[in-house]
Amino acid sequence: VTFQRTILLALVVAGAVPVALVTAAGLLVERHPELSARDATAVTLAIAAFSLGATILLAVGASRAVTEPLQALREGLSTIVGSNRCHRLPLPTERDLAEMAAGINLLADQADQVSGDLDVRLTAATREIALEKGTLESVLFAIVDGVVVCNEDLQIVLSNAAARRMLSQPSRPLRRGESVFAYLRADLLRPLVDALAVRRNGSPSTAQHLERGTLTLPNGTVADLSILVVGEEEERRHHVLVLRDVTERVRLDRSRDRFLLEAVQQLRGPVAAVLSAAEILHAYDDLPSDQRDAFLEVLHQDAERIAEDLDAMQAAAGGLSASHAGEPVSVRDLAESARADLASELEERGQRLALGGGAEVFARGDRLALLQVVRQLVALASAQAASGQTLTMGWCQVDGDLLELTVATPEGRPLDDAIFDGSLAGDGRSREEHEPRTIRSVVREHHGEVWVRHDHHGAALVLSLPVAEPRPEPAPRPDEDAVGRQILALVGEGGFYDPSPPLDRHPSELHARLVDLSYVVFDLETTGLGPGRGDEVVSIGAVRVRGGRLIPEDYFFSLVDPKRPIPPSATRIHGITDEMVTGQPPLADVLPRFGEFVDGSVPVAHLSSFDLQFLNPRLAALGRPPLGDGAVLDTLLLSCSLFPSWGNYNLEQLAERLDLTVVGRHTSLGDALTTAEILVRLLGVLEQRGVRTLEEALKLQRGDAVSRLVETLRAKQSWG
Amino acid sequence: VEKRVLVVEDEANILLSLRFILERQGYQVRSAMTGREGLEQMQREPPDLVILDLMLPDVSGYTVCQQARRDPRLARTPILVLTARAQDAERRKGLELGATDYVTKPFRVAELLTRVAGLLGSRESRVTGHESGTSDPRPSPRDP
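First to last, the protein sequences are chains S and C. Under this note's numbering, the first residue of the first sequence is numbered 1, with each subsequent residue one higher. Under this note's numbering, the first residue of the second sequence is numbered 1, with each subsequent residue one higher.
Keep in mind that the hints are not guaranteed to be accurate.
Stated by the list, open to error - With a straight-line cut-off of 25 Å between C-alpha atoms, the simulated SDA-like cross-links for lysine to any residue are: (1) 105(C) - 441(S); (2) 105(C) - 308(S); (3) 105(C) - 307(S); (4) 105(C) - 300(S); (5) 105(C) - 401(S); (6) 105(C) - 269(S); (7) 105(C) - 626(S); (8) 105(C) - 12(C); (9) 563(S) - 626(S); (10) 105(C) - 37(C); (11) 105(C) - 263(S); (12) 105(C) - 274(S); (13) 105(C) - 260(S); (14) 105(C) - 298(S); (15) 105(C) - 262(S); (16) 105(C) - 297(S); (17) 105(C) - 310(S); (18) 105(C) - 314(S); (19) 105(C) - 302(S); (20) 105(C) - 466(S); (21) 3(C) - 317(S); (22) 105(C) - 311(S); (23) 105(C) - 276(S); (24) 3(C) - 68(S); (25) 105(C) - 317(S); (26) 105(C) - 219(S); (27) 105(C) - 444(S).
Just so you know, these hints were derived from the structure itself, not from any lab. Note that this is a predicted model, so its numbers are computed, not measured.
Could you put together the complete structure from these sequences and hints?
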């Protein structure tokens, strides 16, 4: 039945019925003249009543057939537009109306798809921006110099921790939105900004301009300030202020100047006396003996004074030496980096380099130059050894003030000291400008020595350097954690789980020694990366580590029914299909069992924030505390803090670096086993580095925010 | 019997003084002004003591030390090193490569003579560094 035909029929009926009835009434009266006027009236009334009844019936029918479906359409439409985009219209029985409803549904579908696409793109774009912002903040954060970005009105838009350290005053911490003049004296800063503006006006807009100045900050720091303007368009133009702390350099320069001046002045007196006495003795051979003795006495006394001055000057110069201003460099780190750098070369020669290890000890100076030296020492030792032989590198503190790093080869011809005079490979400095640096020259710049030690084991190349105090515990920087958390929040889909929950839950366990604790190393496989987007756990694997050993027979494994389809992209990673999880217990049933397995042990995971964001909210929903009461060790963060130079901390790379074989990658139990073996290695390293308690380990893994963030970003990219 | 002292020193003025004070002390003094010449001399006629400057024009004093120690006849000859540099690491290296004792320039005559007498008196046992107090001049780092 079409809509049109229904209406037509209704109109025809509505029109025809009264006409037919009136006609019928007329005929009736005509055929029966005996009918009185009263009867005629009754007939007419009956006809009228009949007509009224018919019309009402008709109206009701029309309302059923037309108005109600239309009303339903209208309401459905307003639902789609107003509240529920996913709502679809029920199809009325009338074909016209049904087509209309279907058309509206189609339009809604299309609108839905477009807006869905938009959502996806918007999410992607937001994520991209968040990642970029995170990266930018990490970069800013890692810069030693203070960086402040201001808008055209010189209000602070962005600053890094170094800038905040330099510019914040107790009464006025550096805050965005404030004018930069609140922190830097206008009379010093204004001229630089104005000069910059003048130079920009007078030249093409593409030219880069920079103004520099040196100023003393309110906190006493002496800083080199560089200002530049970035952004071409007027409204997006920003001033970037870069502050370099030169306090130490200026202090050193000043004391060096003063030292030189004083040293020369100090020597002038005695040298003048010696010179004149010597000349007199030389020129006048007729001196009476008492005068001769007097001049000889002068010679003797002033030569003594010069010798004493020299000793004093040497002692004073020690404090002015440039290498004393360098950073403490971990010798272990040098050794490990050199080994990693040369791994493939050694492999080509069929050689191995074993690290003999030793307690942590620090040298002071130029890390890169020292690394070149250690690399070159390994290369020299390798050239000396035959194929298939194992070199050993060890280090230790000797004598109290000196450290020694040795690279030993099992045999070889006697080595001459001259091998240390070859120019350093990879020395970036141009030959024309500088003498080529050699192992010896770099080592001497660092107040050290190199030599060859021959004994019945073979030859060892020995590098000896003065011991530096280890890097002092960095001053607490409240910003660091805040920025760290912020970026973590930006990075995660809906935010990674906060990796630094309160630590005051288990004081006894926190102070227990790491070697005495029991650990549960666990790993999850999931349907995807975002629990916030409905992703779910599909399997949990865990294994225990106790007494510093992996206990492979003490494990936990369960598949979990995610109660949702597993996308093919996830199945490709872990191989778990919908069929495999059908009939498996849901997470709510598995979690309590897993909780029991963990109980009494410290939970450990690789990139634990990922796993915890799946588990902890579910635990909370079950009325349980977060895993490990919030004290969870993270092998990624720990490796990152322990081996900052390694650069990549995904499971494979780490296992390879630690000489572990990887089995069953991307099964939760396989990954848990690999992670557990990594943990066992890390526990040894932690012990050596003097990290003894759980609390210290947790502190260490939260410590280096920058590298942690960079690694989180990186790990996220290579996750899977 | 007069003790024979070989002085290897490239600065003529210092050599002059050293020769003078040592001879006045009753030692028989020979001298060399380069590392190679010094090595040749000590190998030709092993002295009772060598006074060796580290900064020589041809080969370094360390090399002289090392090569001297490879000659069985010189293996136990005391070597007193004179140096203008006074880093701890340098001292350690010298002692390990065969130096018996160290004197930093400038030195006092009396001090030098005391050291020389000490070294010649205890010829049979290698004397170690006087200041560093090292008991064993070559403790090897942790044997891997």
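Okay, the hints, checked on the actual structure:
A threshold of 25 Å between alpha carbons decides the hint, and for residue 105(C) with residue 441(S) the separation of about 22 Å falls inside it, so the pair holds. In summary, the hint linking residue 105(C) to residue 308(S) is supported, as the alpha carbons are separated by about 11 Å, within the 25 Å threshold. A hinted pair counts as satisfied when its Cα atoms are at most 25 Å apart, and residue 105(C) with residue 307(S) qualifies at roughly 9 Å. The suggested pairing of residue 105(C) with residue 300(S) holds, with an alpha-carbon distance near 16 Å, which does not exceed 25 Å.
For the hint linking residue 105(C) to residue 401(S), the alpha-carbon distance of about 22 Å falls within 25 Å, and the restraint holds. With a C-alpha separation of about 21 Å, the suggested pairing of residue 105(C) with residue 269(S) holds against the 25 Å cut-off. For the proposed pair residue 105(C) and residue 626(S), the alpha carbon gap of about 69 Å is over 25 Å, so the pair is violated. Taking the CA atoms of residue 105(C) and residue 12(C), the gap is near 15 Å; set against the 25 Å cutoff, the hint holds.
A threshold of 25 Å between alpha carbons decides the hint, and for residue 563(S) with residue 626(S) the separation of about 23 Å falls inside it, so the pair holds. Distance restraint check for residue 105(C) and residue 37(C): the Cα-Cα separation of roughly 22 Å lies within the 25 Å cut-off, and the hinted pair is therefore satisfied. This hinted pair checks out: residue 105(C) and residue 263(S) have alpha carbons roughly 18 Å apart, not beyond 25 Å. Using a Cα cut-off of 25 Å, the hinted pair residue 105(C) and residue 274(S) holds, with the two alpha carbons roughly 18 Å apart.
A distance of roughly 21 Å separates the Cα atoms of residue 105(C) and residue 260(S); the hinted pair therefore holds under the 25 Å criterion. A hinted pair counts as satisfied when its Cα atoms are at most 25 Å apart, and residue 105(C) with residue 298(S) qualifies at roughly 21 Å. Our distance criterion of 25 Å between C-alpha atoms is met by residue 105(C) and residue 262(S), whose separation comes to about 22 Å. Taking the CA atoms of residue 105(C) and residue 297(S), the gap is near 21 Å; set against the 25 Å cutoff, the hint holds.
The straight-line distance between the Cα atoms of residue 105(C) and residue 310(S) is roughly 10 Å, inside the 25 Å bound, and the hint therefore holds. For the hint pairing residue 105(C) with residue 314(S), the CA-to-CA distance comes to about 12 Å; that is within 25 Å, so the pair holds. With a CA separation close to 16 Å, the supplied pair residue 105(C) and residue 302(S) stays within the 25 Å bound. Straight-line distance between C-alpha atoms of residue 105(C) and residue 466(S) comes to about 22 Å, which keeps the hinted pair within the 25 Å bound.
For a cut-off of 25 Å, the pair hint linking residue 3(C) to residue 317(S) is broken: about 40 Å separates their Cα positions. For the hint pairing residue 105(C) with residue 311(S), the CA-to-CA distance comes to about 10 Å; that is within 25 Å, so the pair holds. Distance restraint check for residue 105(C) and residue 276(S): the Cα-Cα separation of roughly 24 Å lies within the 25 Å cut-off, and the hinted pair is therefore satisfied. For a cut-off of 25 Å, the pair hint linking residue 3(C) to residue 68(S) is broken: about 132 Å separates their Cα positions.
For the proposed pair residue 105(C) and residue 317(S), the alpha carbon gap of about 17 Å is at most 25 Å, so the pair holds. Simply put, residue 105(C) and residue 219(S) have alpha-carbon atoms about 45 Å apart, too far for the 25 Å limit, and the pair is violated. Proposed proximity of residue 105(C) and residue 444(S) is supported: the alpha carbons are some 19 Å apart, at most 25 Å.
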